[in-house]
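A.B. asks: Sequence:
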Amino acid sequence: MPNWWLLVLPLLAGAVMPLQAGINGQLAKHLSSVMAAALVSFLVGTLALLIIVLSQREVAGLSAFKGLTWWHWSGGLLGAFFIATAAFAGPRIGALLFMVLVLAGQLGMALLLDHNGWAGFREAPITLGKAAGLALIIGGVWLIRRG
Numbered sequence: 365m366p367n368w369w370l371l372v373l374p375l376l377a378g379a380v381m382p383l384q385a386g387i388n389g390q391l392a393k394h395l396s397s398v399m400a401a402a403l404v405s406f407l408v409g410t411l412a413l414l415i416i417v418l419s420q421r422e423v424a425g426l427s428a429f430k431g432l433t434w435w436h437w438s439g440g441l442l443g444a445f446f447i448a449t450a451a452f453a454g455p456r457i458g459a460l461l462f463m464v465l466v467l468a469g470q471l472g473m474a475l476l477l478d479h480n481g482w483a484g485f486r487e488a489p490i491t492l493g494k495a496a497g498l499a500l501i502i503g504g505v506w507l508i509r510r511g
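Count along the sequence shown from 1, add 364, and you get the number used in our numbering.
Hints are computed from structural coordinates only; laboratory data are not their basis.
Among the hints, a few may not be true.
[Stated by the list, open to error] Label pairs and their computed distance ranges (CB to CB):
1. Gly425 / Val372: 31 to 41 Å
2. Gly409 / Ala499: 32 to 42 Å
3. Gln384 / Leu414: 26 to 36 Å
4. Ile502 / Gly378: 10 to 20 Å
Where a beta carbon is used, it is the ideal one built from N, C-alpha and C, also for glycine.
Using the sequences and the hints given, assemble the complete structure.
C.D. replies: Below you can see the structure in the form of structure tokens.
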């Protein structure tokens, strides 16, 4: 059984996602630009991470960056896509529908990542129970959308 904080941290991270989407949506409205809001969000996050990394003295040397491939850099692009999408779509469709769609997308991709062992995840085949769980989430999207 994992330490309790390994269960609480993802729960908290998930809990702040709709709040982040709402904040970024309001920022986009105030700035009249989804992309400018995403940039501000990333700049603040980058500054926070820079302070943490520098305070922990964990700065990698330049030689560590030379071995990186395009794949290693893509996480930032995926994060930018999510932040911009949240700022644009979240306020338009509502926090609940936005987050249940995000959850369905996350779980669908997680199922593929685990099944194939992609991106460094341990291989864990798709089972009927896992597929049924995802189907229930998709059913939840339908019920929320109807509601």
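A.B. asks: Checked against the structure, which of the hints given earlier come out wrong?
C.D. replies: Those not satisfied come down to hint 3.
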